[in-house]
Every structure is written in structure tokens, then in C-alpha cells.
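J.: Taken in sequence, the protein lines are chains X and B.
Everything in the first sequence is counted per the working numbering, starting at 225 for the first residue and increasing by one.
Everything in the second sequence is counted per the working numbering, starting at 343 for the first residue and increasing by one.
Incorrect hints may appear among the rest.
Said to hold, decoys possible - Cut-off 20 Å, straight-line C-alpha distance, at most; resulting in silico cross-link-like pairs (EDC-like, lysine to aspartate or glutamate):
#, chain 1, residue 1, chain 2, residue 2
1, B, 556, B, 500
2, B, 616, B, 662
3, B, 379, X, 241
4, B, 616, B, 598
5, B, 422, X, 295
6, B, 616, B, 566
7, B, 670, B, 439
8, X, 319, B, 603
9, B, 616, B, 500
10, B, 670, B, 628
11, B, 422, X, 299
12, B, 782, B, 662
None of these hints come from the bench; they were simulated from the model.
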Amino acid sequence: MPRDFTPKVITANALLEGDVVYLTEAGIWTRHLAEAEILTDEADAELRLLDAQAQANTVVGVYLADMTPTDNGPEPTHFREDFRRTGPSNYNHGKQAERA
Amino acid sequence: MYSYNEFDSAFIAERNAQFRAQVERRIDGSLTEDEFKPLRLMNGLYLQLHAYMLRVAIPYGTLNSRQMRTLAMIAERWDKGYGHFTTRQNIQYNWPELRDVPDILDALAEVEMHAIQTSGNTIRNVTADHFAGAAADEIADPRPVAELIRQWSTDHPEFQFLPRKFKVAVTGSPNDRAVTAAHDIGLRIVERDGEIGYQVLVGGGLGRTPMIGKVLAEFLPEADLLPYIEATVAVWNLLGRRDNKYKSRIKITVHEHGIEDIRARVDATFALIKPTFSGVDQTMLDGIRAQFAAPTFRSGPVHHYTAAYADNPGFRAFADTNLAAHKKPDYAIVTISLKAHGATPGDATADQMRLMADLAERYGHDELRISHEQNVILPHVHKSDLPALYTALREAGLGTANIGLISDIIACPGMDYCALATARSIPIAQEIALRFDELKLEHEIGEIKIKISGCINACGHHHVGHIGILGLDRAGVESYQITLGGDHREDARVGDRTGPGFAAEELLPAIERIVYAYLAERNGPEETFLATYQRLGMAPFKAALYDEAASYAAE
Numbered sequence: 225m226p227r228d229f230t231p232k233v234i235t236a237n238a239l240l241e242g243d244v245v246y247l248t249e250a251g252i253w254t255r256h257l258a259e260a261e262i263l264t265d266e267a268d269a270e271l272r273l274l275d276a277q278a279q280a281n282t283v284v285g286v287y288l289a290d291m292t293p294t295d296n297g298p299e300p301t302h303f304r305e306d307f308r309r310t311g312p313s314n315y316n317h318g319k320q321a322e323r324a
Numbered sequence: 343m344y345s346y347n348e349f350d351s352a353f354i355a356e357r358n359a360q361f362r363a364q365v366e367r368r369i370d371g372s373l374t375e376d377e378f379k380p381l382r383l384m385n386g387l388y389l390q391l392h393a394y395m396l397r398v399a400i401p402y403g404t405l406n407s408r409q410m411r412t413l414a415m416i417a418e419r420w421d422k423g424y425g426h427f428t429t430r431q432n433i434q435y436n437w438p439e440l441r442d443v444p445d446i447l448d449a450l451a452e453v454e455m456h457a458i459q460t461s462g463n464t465i466r467n468v469t470a471d472h473f474a475g476a477a478a479d480e481i482a483d484p485r486p487v488a489e490l491i492r493q494w495s496t497d498h499p500e501f502q503f504l505p506r507k508f509k510v511a512v513t514g515s516p517n518d519r520a521v522t523a524a525h526d527i528g529l530r531i532v533e534r535d536g537e538i539g540y541q542v543l544v545g546g547g548l549g550r551t552p553m554i555g556k557v558l559a560e561f562l563p564e565a566d567l568l569p570y571i572e573a574t575v576a577v578w579n580l581l582g583r584r585d586n587k588y589k590s591r592i593k594i595t596v597h598e599h600g601i602e603d604i605r606a607r608v609d610a611t612f613a614l615i616k617p618t619f620s621g622v623d624q625t626m627l628d629g630i631r632a633q634f635a636a637p638t639f640r641s642g643p644v645h646h647y648t649a650a651y652a653d654n655p656g657f658r659a660f661a662d663t664n665l666a667a668h669k670k671p672d673y674a675i676v677t678i679s680l681k682a683h684g685a686t687p688g689d690a691t692a693d694q695m696r697l698m699a700d701l702a703e704r705y706g707h708d709e710l711r712i713s714h715e716q717n718v719i720l721p722h723v724h725k726s727d728l729p730a731l732y733t734a735l736r737e738a739g740l741g742t743a744n745i746g747l748i749s750d751i752i753a754c755p756g757m758d759y760c761a762l763a764t765a766r767s768i769p770i771a772q773e774i775a776l777r778f779d780e781l782k783l784e785h786e787i788g789e790i791k792i793k794i795s796g797c798i799n800a801c802g803h804h805h806v807g808h809i810g811i812l813g814l815d816r817a818g819v820e821s822y823q824i825t826l827g828g829d830h831r832e833d834a835r836v837g838d839r840t841g842p843g844f845a846a847e848e849l850l851p852a853i854e855r856i857v858y859a860y861l862a863e864r865n866g867p868e869e870t871f872l873a874t875y876q877r878l879g880m881a882p883f884k885a886a887l888y889d890e891a892a893s894y895a896a897e
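If we strip away everything but chain X, and leave its shape as in the complex, we get (with noise of 0.2 Å):
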């Protein structure tokens, strides 16, 4: 009986900037988690992850992170993907800057 595979996106850190993003269906790269692809098939995730992983000029560190898919887009299912999507807690710096 196949294991049960958690829902996830990919993300990595821009190249130039170094700012945390994520892959959207397109295959293109966004800040955004929320316009993140969620993936729910385990061998789907693997061939996705090494086509993002081919675009190292572009982005660095790619790698699956475990979501929950919900109704606004994937939220995160540890606390380490909530910080990075949002930004540190001591300023209103990064991606929580961006938004407001």
C-alpha cells in the first residue's frame, strides 16, 4: 500500500536577492505562497522539484516543503515555512512589508 504523501510546494531563495519564493503552475517563481502550485502526487513533486532545480541561475536551496491545501492557497504545516512566507517577527520586514 503506497504511503501517504503530504501535499507540497517547491521554494527556494531568488538568486540576486535572496528573497523567499515559491513555484507556481506556470513554472514561474513567485513571492507569493499563496500563488504557489500545491502538488499532491508524489512522483509528480519529484519531477517538478528537478525541473526547478534546473533553474540555478535564478534561484538557490529549491526543495519540497509540506503544506495544507485550504481554500486561500497552501498554508504551511511548520512553523519554519509560516516564518518565511512572512517574515521576522521582531520588524516589519520582508514579505509582511511587501504586503502592506
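Since chain X is already given, all that's left is putting chain B on it; use the hints.
T.: Relative to the frame of chain X, chain B by itself:
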């Protein structure tokens, strides 16, 4: 302070030019990230959680006003208007963009600073007592020898690919303010029969396996120091474990081989290499020493100081906590707190950096220091200038009178910034500082050191905190483990773990219970938290933390 010679300037310029070309090649795709990563790390550039981070060395924590102003300019021009001073006397910029880093390094070079060897498996920035050259209890200024070690270790061809990073700290005072026992090599300047020498500690370190350094040499003559250190690092370079990252530090090598075996190997290597040191190192040291000549101290009445101390309670609180004894009785060492209640420990804005530079120029012989406790020091201030200095600091939000008190917390960047962290540190420090300020208990509690790390790498020195806090990830939730009784001074010891950890929302009440237990159990205000712990042990504090029947509360 040390000024670059022509060789230094040319070396830094060449390294910066190399790195500029490497960045260009990474951006145009000529270099892969695997090829580029070791090159950027050699220049202090990390990729962290939200952005790149540039770590800049402040050798032995010493800088002048011009350098501080450049740090401020960089913060404003290429970052988000602030910098973070670390426990290793570095400054970290949290938001630089890759293409700007070569320009930042060039700006640093203009004021004789760089980011070389602030990362990687090499000898890192040499740290020293932040009161160096000023402290009343000092045997000798540790900075000249720290500078000699910096020059010897920078780009040393034998030591660029060590088993892991290697940290050296130097103190010139018997009261150890440089945490020498928690370094790979700790050097303590000592005096024997009128001769200056070094007690050499080896194999100290915190992190996953905290260890207190062991004495490798009880008294090493000055002339033997550099070849002896070279022999020590060379022995570890050969013996050190490269098969397991967690066993690669010299503390594990010393533990596995035993200090006697390591000493025998170091002595044998030292005997071989000593003749190759023709004495040029001592000639260089003499030249360096001349550059660390004390400023021309002035003499004059101090009645401004005594009058302000008598009349102004705010100044009195500041003087009681933030001043330390200077070797000249008319002078004081001033510690400027970067721990205003609720602030991020170690952070300074560009405006604050510029103000501190101005004040150092006006009142402090143009000298500043960065402490491992993440504060800024003006080492030489005439007492008559202290009231005016305090007023200027207070107006800029830098007059917090809390040095050594419960809100003077060391906190690493934690998961708010660091890619290695497993939990946050900064909000914990902010919460504790704000709470005890609200309770108005800080001065009543007296001297206490809280140190917080966001992961087991222990950048926040939690093992040697009187109260140590370690942030961990427990099944996807931030959890905090408490240790008690750690000490970072000359008789350093690692704290004892209290028991199960606490969730983030449970932690502040737990710290409060520890503090109330101390206030209830101490033999009067003169007995510090650490002394009370050493007298009573863990029992009353463990009961306060975990036994619901034990209740300590505010009187």
C-alpha cells in the same frame, strides 16, 4: 588601534576584486551555486531564511568612529537601516542583495575592515576582552597579540581547510570577560615573577557538546606563543575528525585523545617548528604594540560627575550599572546598552551607530568596542564628561541602565533570521525584558545573565548563562529548555538542565517562577542569583518550575 600597512590594503583590495568577479560569474551563470557557495562563504556571505546575510569582522571588537560611521552608512545604503552585533564581536547585515555585496566590501576596505574568515572551516575573527586597554584589573592589553594572531591566521595556507571552524579568544585580565574557556583556544595573559606569559586553554566550546577548555600550557613565554598556537592547530588539522561534522571540533579531539596526548603532540610539533620562527613574529608584535598605545589621558576635576551622581537618580542608576573601573581613576569605561526593554538584543540603527561614533569622538578618544554580550563600549571617558554623555545617550534611546541585569540578555538571531535555527530567540528576549521592566524588579534582582540560543549551535551562549534558554523544535512546535548555573567567567561551567522544556507561552511564567524562587531563597540582596544557585543547587528552582505545590510569588 591597528592601521593597515601597504600589504594589508593590497591584500584586501585583491580579495575584493576576486570576489566581485566571482559574483559576476555567478550572476551570468558561469559559476554554479555549488562552485560559488564556498567562495561567498570565504567572504562572509551566507544565505539565510529570508535573505542573504553578510558577516563583517570587528577584530577583537575594536573600532573607531570612522569605521562605525561606515557600518552605519552600509546599513542605510544597502540594508534596512540597522545592523546586528553578535557574540563573536562581528556585525551582521540581514538584508543585503547579492549584486551589492562587492560594493559593501569595497566600502569596508576604505576603513580597513573586511568579512574574510567570518565563515568557513578556518580560524575565525579573533575575539578579546571588550574592556581591553582600559580595565583597572588588566595585566596587559590583549589586543596586540590578538592582532598578531589575526595577521598570522588570515589566509594562512595550512589552515584554510580545517576539520571545522576554529575560534580564538584572548583576555588580559584575571577577570575573564572574553569567555576564553568556551573557545577552541583560549589565551589568558598571566604574570609570573614579573614575566608576562600566557595560560593556554584548548578544547572549549559550546554547541551540541558543550565543553570547558582544558589547560594545555600553564605558562607559555610570550616569544613561544605563535609557534605554540601554530603547533596546536597543526596537530588538530591532522588528528581532527573529518568523517563526522559533529565530532570535528578540537574539543572532541581533545576529549578522544586526552589532554596529555594532545600536549605531547603539540610539544613535539612545537619543537619542530619553533626554529622556523626566526623572531620576526616578536618584531612584528612590538610594531603592533606601538599602534595600541593608550590615548593621552587628561586630568581634571570630576565634580560634574559626583554632583550628577548625587542629584540625578537616572544618572545614578546608569552609573551604578553601566560603568566599569578604568585603570585611570578619573576615567570610566562606559557600556552602552543595545538592550532597551523590548528591543532586539545587539541591534543598532544607523542613527544610533552614528551617534555612538560622534560620542566616541567627543568624549571617548575616538575608540569603541563591541562586547560579546552584544553591547557597545566607550572604553575611555573622563568622569566629568559622563553626565553630558548620559544625557545624549538617553535622548537617543541608548541610556538604558541595565548592564548585567535581567534584561541585558544575549540572544542569537534565532529562527527570525537564521537558517540553522529550530526556534525563535528574539521574541523570547523581548518578552522577558518587557515583563521584568513592567514588574520594576530588575534592580532588585541584581546581577543575572540570561542567554538564549535558537538552536543547539549555541550562538547565544545559553550553556554558560546563569539562566540558559535553548529553543528547539518539538514535533513542529517551538519548545524551550532551561539550564541553570552556567557561568562564562574564569571559573566557567556549563549550566544544569532543569527538566522538560516549556512551550513558548509557558516560558515567561517559568522564568518568573525561577526569579521569585531566587528572591525568596537568597541571603539578602548581596547574594547574586548565581551564588544562590551555587549554595542551594537545583532543588528549589526545580520545585518552582515543576512542582505545583511549591509557590513562590511576589511579596
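J.: Next, verify each hint and record whether it holds.
T.: Here is what the structure says about each hint:
1. B:556 to B:500: violated, 24 Å
2. B:616 to B:662: violated, 48 Å
3. B:379 to X:241: holds, 15 Å
4. B:616 to B:598: Answer violated: residue 616 of chain B to residue 598 of chain B is near 27 Å, above 20 Å.
5. B:422 to X:295: violated, 34 Å
6. B:616 to B:566: Within the cut-off at roughly 8 Å; holds.
7. B:670 to B:439: violated, 45 Å
8. X:319 to B:603: violated, 54 Å
9. B:616 to B:500: At roughly 16 Å apart (the allowed maximum being 20 Å), residue 500 of chain B and residue 616 of chain B satisfy the hint.
10. B:670 to B:628: violated, 24 Å
11. B:422 to X:299: violated, 28 Å
12. B:782 to B:662: At roughly 17 Å apart (the allowed maximum being 20 Å), residue 662 of chain B and residue 782 of chain B satisfy the hint.
Violated hints, listed in ascending order, are 1, 2, 4, 5, 7, 8, 10, 11; each of the other numbered hints is respected by the structure.
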